[in-house]
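Given only the sequences and the hints, what does the whole structure look like? Please build it.
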Amino acid sequence: MELLASIMKNLPDAISLGLVWGIMAIGVYITFKVLDIADMTVDGTFALGGCMVAATVAAGWNPVLSSLLAILCGMVAGFVTGILHTKLKIPAILAGILTMLSLYSVNLMILGGKSNIGMSQFGEQSVETIPDKIAALFGISAKVTNVSIGLILAIVIIMGLYWFFGTEQGCLIRATGINEAMVKAQGGNTDSMKIVGLIIANGFVALSGALVAQIQRYGDVGMGTGTIVIGLASIIIGEVIFGTKGSFKIRIASVFFGSIIYRVIIAVVLLLGFNPNNLKLLTAVLVIAALSVPVVREHISEKKRINANMKKYEEVDTNVGA
Amino acid sequence: MLVLKDVCKTFNRGSANEKVALQGVNLNVQDGDFITVIGGNGAGKSTMLNMISGAFPLDSGLIKIGGENVTNQPEHIRAKRIGRVFQDPMKGTAGDMWIEENLAIAMRRGKKRGLKWGVTKEERELYKKLLAPFDLGLEDRLQTKVSLLSGGQRQALTLLMATIQKPDLLLLDEHTAALDPKTAAKVLAMTDELIKENKLTAIMVTHNMKDAIKYGNRLIMMMNGKIIYDVSGEEKSNLKVSDLLKKFEISTGEEFANDRMMLV
Ligand SMILES: Nc1ncnc2c1ncn2[C@@H]1O[C@H](COP(=O)(O)OP(=O)(O)O)[C@@H](O)[C@H]1O
Ligand SMILES: [Mg+2]
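Taken in sequence, the protein lines are chains A and B. Residue numbers are given in the numbering used here: position 274 of the first sequence equals residue 277, and the series is strictly consecutive. Residue numbers are given in the numbering used here: position 175 of the second sequence equals residue 155, and the series is strictly consecutive.
Note that these hints are calculated values from the structure, not bench results. Glycine included, each C-beta is placed from N, C-alpha and C at the ideal position. Take these hints with a grain of salt, some might be off.
Some but not every residue of chain B turned toward chain A, in silico, with C-beta under 7 Å [what the hints assert, rightly or not]:
| hint | residue |
| --- | --- |
| 1 | Asp76 |
| 2 | Ile85 |
| 3 | Ala86 |
| 4 | Gly90 |
| 5 | Gly94 |
| 6 | Leu95 |
| 7 | Lys96 |
In silico lysine to any residue, SDA-like type, Cα no more than 20 Å apart, as pairs [unchecked claim]:
| hint | chain 1 | residue 1 | chain 2 | residue 2 |
| --- | --- | --- | --- | --- |
| 8 | A | Lys248 | B | Lys91 |
| 9 | B | Lys91 | A | Lys36 |
| 10 | B | Lys71 | A | Ile253 |
| 11 | B | Lys96 | A | Ile160 |
| 12 | A | Lys248 | B | Trp78 |
| 13 | B | Lys96 | A | Lys92 |
| 14 | B | Lys92 | A | Phe168 |
| 15 | A | Lys92 | B | Glu55 |
| 16 | B | Lys92 | A | Glu171 |
| 17 | B | Lys109 | B | Leu122 |
| 18 | A | Lys36 | A | Pro94 |
| 19 | B | Lys91 | A | Gln219 |
| 20 | B | Lys91 | A | Phe168 |
| 21 | B | Lys44 | B | Arg61 |
| 22 | A | Lys248 | B | Lys125 |
| 23 | B | Lys125 | A | Gly169 |
| 24 | B | Lys108 | B | Leu128 |
| 25 | B | Lys91 | A | Glu183 |
| 26 | A | Lys252 | B | Leu95 |
| 27 | A | Lys252 | B | Lys96 |
| 28 | B | Lys(-15) | B | Glu48 |
| 29 | B | Lys227 | B | Ile208 |
| 30 | B | Lys92 | A | Thr170 |
| 31 | B | Lys92 | A | Asp194 |
| 32 | B | Lys206 | B | Val0 |
| 33 | B | Lys101 | B | Glu119 |
| 34 | B | Lys125 | A | Ile253 |
| 35 | B | Lys109 | B | Gly22 |
| 36 | A | Lys117 | A | Asp194 |
Shown next, in the form of structure tokens:
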């Protein structure tokens, strides 16, 4: 009972975190699911968004401007990976890792050599984040503000992506992820489609990093570690609950739901006394478990088929023997 | 219309599995030609079509389409004037997208693709009208995923996609080989109809000698990366399978016993 009460108390935070991190998971969805590319850039891009915002907001920038700059930087990172992959023919995973590694140095540069920068709310050096501004504007609490920001962004993004992937360009990007030969035969430039997809995806991831940094009030050079796995976990949880057959809108929405549920799971295990240091291990195990479900299912049905087949012959044997 | 001049292609040059695919192919295709291509396994038929479509770069030689030198033009640029149907029914369509989405992508071949809606209402009516003659019931299933269709249905769809924007050149690479005989015959008949109706210039690779004789106005035979026989007009229409077999024997100098060439 006590646990349930604590969970309920933590729910608003889990929801707002889930929605804001969900924006990152949407980026992973675009590369991993739509384009069929495992884009490792996102670990670097997420931290890039967070560091960019932390450094500029702490320097007195308007947080909206800072966040827009963060998105732009994320898009550039996606562009770089796209060029490495399509023009220099570097395998997608390696291209992403190379950009991610470079970003680690870039992020340290952005933070002026420090490993993190805070955006303090009080004292002489106090600065305002986007949630601060919105909370002040509407006179609402931080909790309500964070949930509202997450909800509104999620709805805008779902509608926006539904529109974009229904356009001529968007259709061609989807087709590129499914069958490159077909797109080329129909006069589509698959290289451009991949680059555009990577740019959009990493823009979302940087935005997510920028918002997370503002909510936690600091940007850290290591905040992106394991981002892609968290994104995959969110996608998979969403698929487990809502299936993979739904319309595009439902599938995008289910990524956000998956991300929220992921945060709830994290909150619950932490309340149960789980060591926070082991969270990344838990996330990885979750993703491995989910990815292995279809394989295990296949294995079991194969076993059943073999056993049924052998049984048939055993019966025949005994009949022949008798 | 299409000119191939001394086109050569070797795969994996310099490695242990070096494969000479084309060694000096010359071909002059006239506007409105419907050419059937036969030849044994590995003769270079697919490679020739791939060189024309730009799927792989060629080692040496020249390719012109409609007077323009396209030798070094990337595949997707050349695709503006080329319609293609592959042997593998999976290759020509995007399985995880709807029939109408696939057709809409084909409808915009050679056109600018912007941020307008991907499939319009008027298009849908057109697709229904164009799918109906195929008599496969596809016209009522525009919002069905292509992955749910049979190989024959997918190949019919690919055929429509290759011709919905009239191509200067239609390339068909054993596009009925993966289908059962009845469906194959149907798709082939529709191919012939589409070519005649739209007065298309087409090159069709087939492993069926009867079909190669029955369809088109010109027939070429390939062997070891070369065109060894090129016949058209009356001479072609009077051909018999036995003539082709004889031709083969002369060229190979041995009894004809090829794996995939069909004798009937
Ligand atoms: N992508 C490729 N990589 C390596 N070798 C190839 C490739 N495509 C074709 N070849 C080789 O080139 C030769 C001609 O092949 P192909 O044009 O497919 O013959 P056909 O279509 O007449 O059966 C064969 O020896 C084949 O193994
Ligand atoms: Mg072939």
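Against the structure, the hints:
no.	hint	result
1	Asp76	holds (5 Å)
2	Ile85	holds (5 Å)
3	Ala86	holds (5 Å)
4	Gly90	holds (5 Å)
5	Gly94	holds (6 Å)
6	Leu95	holds (5 Å)
7	Lys96	holds (6 Å)
8	Lys248(A) - Lys91(B)	violated (31 Å)
9	Lys91(B) - Lys36(A)	violated (27 Å)
10	Lys71(B) - Ile253(A)	violated (28 Å)
11	Lys96(B) - Ile160(A)	holds (18 Å)
12	Lys248(A) - Trp78(B)	holds (13 Å)
13	Lys96(B) - Lys92(A)	violated (31 Å)
14	Lys92(B) - Phe168(A)	holds (16 Å)
15	Lys92(A) - Glu55(B)	holds (17 Å)
16	Lys92(B) - Glu171(A)	holds (9 Å)
17	Lys109(B) - Leu122(B)	holds (11 Å)
18	Lys36(A) - Pro94(A)	holds (17 Å)
19	Lys91(B) - Gln219(A)	violated (48 Å)
20	Lys91(B) - Phe168(A)	holds (18 Å)
21	Lys44(B) - Arg61(B)	holds (12 Å)
22	Lys248(A) - Lys125(B)	holds (11 Å)
23	Lys125(B) - Gly169(A)	holds (15 Å)
24	Lys108(B) - Leu128(B)	holds (18 Å)
25	Lys91(B) - Glu183(A)	holds (18 Å)
26	Lys252(A) - Leu95(B)	holds (18 Å)
27	Lys252(A) - Lys96(B)	holds (18 Å)
28	Lys(-15)(B) - Glu48(B)	holds (13 Å)
29	Lys227(B) - Ile208(B)	holds (9 Å)
30	Lys92(B) - Thr170(A)	holds (12 Å)
31	Lys92(B) - Asp194(A)	holds (16 Å)
32	Lys206(B) - Val0(B)	holds (11 Å)
33	Lys101(B) - Glu119(B)	holds (14 Å)
34	Lys125(B) - Ile253(A)	holds (17 Å)
35	Lys109(B) - Gly22(B)	violated (39 Å)
36	Lys117(A) - Asp194(A)	violated (37 Å)
Hints 8, 9, 10, 13, 19, 35, 36 from the earlier list are contradicted by this structure; the remaining hints agree with it.
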